[in-house]
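Each chain, written out:
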Amino acid sequence: MEAAATANGGDHAAVAVLRETTPFGEASGALLARIAALARLARYGAGARIYAPDDPADDIFVVVSGRVEHVLDPEVGAREGVKRVARGGVFGWTGLLLGQTRRMATVTALEPTEVLRLNTDDLIKLLSAEPLEGEHVLERFVSMIQREFTVPALLARVRRLSGPLTEEMSKLGLTMYRMSLWLKSPRPYLMLIGFALFLGFWYLAVEVWKLPRFREMPGPTSVVKEWLSPNPTYGLSLYTEEYYQHIIVSVWRVTKAFLLATVLGVAFGLLLGWSRAFKEYVFPVFEMLRPIPILAWVPLAIVMFIATESAVVYLAFLASFFATALNTMLGVESIDESYVRAAHCLGADRWQVFRHVIIPGSLPFIFTGLQISIGVSWFSLVAAEMVSGQYGLGYVINTSYMMVRYPTIVIGMVTLGLVGYITSAMVRIAGDYLMEWRVRELALSER
Amino acid sequence: MSVGQISIQDVVKVYDPEGAAVMAVDHCSLEIEAGEICMIVGPSGCGKTTLLNAIAGFHDITSGRITMDGEVLCSNDKPKSEPGPDRIVVFQNGALFPWKSNLENVIFGPVMQGKLARKQALEKGRAMMADAGLSGVEHNYPGEVSSGMRRRVEIVRALMNDPKALLLDEPYRALDSLTKSVMHEALLEIYYKNKVTIFFITHDLEEAIFLGHRVAIMTTRPCKPKKVLTVDIPHPRDYSVLTSKRFRELIEETNDAVHEEALKAFQAGEKEG
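So the protein lines, in turn, are chains A and B.
Under our numbering, the first sequence has 2 at position 2, and the numbering climbs by one with no breaks.
Under our numbering, the second sequence has 258 at position 258, and the numbering climbs by one with no breaks.
These are computed hints drawn from the structure, not numbers from a lab.
Careful, some of the hints might be misleading.
Claimed, not checked - In silico BS3-like cross-links for lysine-lysine, where the CA-CA straight-line distance does not exceed 25 Å:
| hint | chain 1 | residue 1 | chain 2 | residue 2 |
| --- | --- | --- | --- | --- |
| 1 | A | Lys125 | B | Lys264 |
| 2 | B | Lys264 | B | Lys227 |
| 3 | B | Lys193 | B | Lys115 |
| 4 | A | Lys125 | B | Lys245 |
| 5 | B | Lys227 | B | Lys124 |
| 6 | B | Lys80 | B | Lys100 |
| 7 | B | Lys119 | B | Lys180 |
| 8 | A | Lys125 | B | Lys227 |
| 9 | B | Lys226 | B | Lys124 |
Just so you know, these numbers come straight off a predicted model, no measurement behind them.
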């Protein structure tokens, strides 16, 4: 029999139990205190039935002391239907599942048992006020339900937080939060180990073993020394203004080329995919121009643009444009015909179909294109800078070669690698930001 | 009072009239009463989807006429009807927009047509989703919920437009049989509330007899009604019908006809292959 559920006086004790649970274990003290304030303490005698299938799924239970037996309805399809839950265990989570309002298990107290009861809707409301932490708590619930209760992934999908805060919540905040989770995972440290191995090999091959072919290369110590020196032997280091000038010039050129290529390439690609007539006129010419290597365009670019600056940007633009346009076109063509038909059925006109179906539907392909595009943009920029132009990282590499400043070559290369990595990461983040639906879908299929 | 009476009159559809002509639909006539559930049964590839596409306005017809409540949808003079929110298709593989949340999908129709302001549409959408047991998934994307739920969301999205008819193209084909049985009862429940005409394509005879007021068994390529069966089991129905004597009798009565067509379709497929 259930003893009268009392208002819970010992918040401190409640927080301590919550901290031992899987779902709430990582929540902040402030959040735990607020959850504890929701909790009501209840006692059951040995053999008391706490709930049975088809009872309304109102509360979530946290065991404080004693033990209960939790028997899942066989229809749920859990691998192991019977489970004993002791202190720190959480049950009664059915109300969190999508579309479930009824209990799916029989729970009986095996001995005199104390539990904390949390109203599911109140909990969701509370978590909605703290969307970042709240999402994390729900994620932990999902993994608990799957792992500890062996419920199939198909069923273990929890409700989303609702309320104005989550609906309008800045997606940037979510990205930042994911970032902080990433830093807590082992992945960044594995990455560091990878870098350390690479540098170690470079050091050993060049400076210790002096392997053939590596002997003439600048070793990591001489590069790093030069890079960090306030008075660099060859005139370029973190302390010289010139270094940043080169970076800024290259970044600015790539930015111009990439933005122009994105605007024109996406528009052109959408048109190619959307209008059959347009494609028939234009696509063969496009396909003939596309494979021409960017270096082959250099002479013409110099003839076309008297100013080298525009010529260099033009070359970087050209490569980007082809990649973006082609992928955008493939994106439009990849859209399932039934989406377009469904939109027409629902009364959308041609423009609305374009705006609400064609554009969002091709976004995954467009962003694949942009990933390639930012890469080839850097690639052709450097090629162009090596052939013509003043300033820029490609120019640095090329002139350092001619003037036998080997460490500076490597400084230029490493800087290029870093800057290129940052720009392509920015494109990827922008993509995830615009395609949250896809990020979520992929996360589910991985699970 | 009821609307949504669809009349298919002598419709012919020939694919590729110049080359190797394939007759998909052959002088097909069928009356679908206002507010009834009319089930179209035939083996895969028999041409029944062609018929649905003609009603929906995705394809033109070669000759004949289709009317709805007396209004001509398509005829010899105007071979292709305009798709519109008065007859909404629920697709075989589902066509919820994966980039919109379930709620945004549901309000798509009225907002696009300018029939409701966004705020009212959201209100109505929430209410209708709650009515169909879909509370709590409004802000999930379709890819995050089960396939059974997706189907329900898609039907709610259609009903938001107060359509005269729903055209369902084997909507439960990809579902496992347990989910399917749940979906059948859910569909009937929605139907009893809304009384909209339902034109439902399937290859599953039991599904057809369980749901339909009438079942039209189609011949295979070219497609036309071979036998039209009136199911005299009274509505509202629930799952006890499946084990009733009358249900079994009706299955027995029609099974031969369906099997014969399935065999024909199979042999035709072998010849082509």
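(message) Need the status of pair Lys227/B, Lys124/B: alpha-carbon distance at most 25 Å?
(response) 41 Å, violated
(request) Starting from Lys80/B, check that the Cα of Lys100/B is at most 25 Å away, please. (result) 30 Å, violated
(request) Take the C-alpha atoms of Lys125/A and Lys264/B, compute the straight-line distance between them, and say whether it is at most 25 Å. (result) With a Cα-Cα distance of about 59 Å, the restraint between Lys125/A and Lys264/B is violated, given a limit of 25 Å.
(request) Could you grab the alpha-carbon distance between Lys226/B and Lys124/B and see if it respects the 25 Å cut-off? (result) 42 Å, violated
(message) Between the alpha carbons of Lys125/A and Lys227/B, is the straight-line distance 25 Å or under?
(response) Violated: Lys125/A and Lys227/B sit about 56 Å apart, past 25 Å.
(message) Does Lys180/B sit within 25 Å of Lys119/B, going by the straight-line distance between their CA atoms?
(response) 34 Å, violated
(message) Holds or violated: Lys125/A and Lys245/B, Cα atoms, limit 25 Å.
(response) Violated, at about 51 Å.
(request) Below or equal to 25 Å on CA atoms is what counts here, so check Lys193/B against Lys115/B. (result) 22 Å, holds
(request) Please work out if Lys264/B and Lys227/B have their alpha carbons no farther apart than 25 Å. (result) 16 Å, holds
Checked against the numbered hints given earlier, the structure breaks hints 1, 4, 5, 6, 7, 8, 9 and satisfies all the rest.
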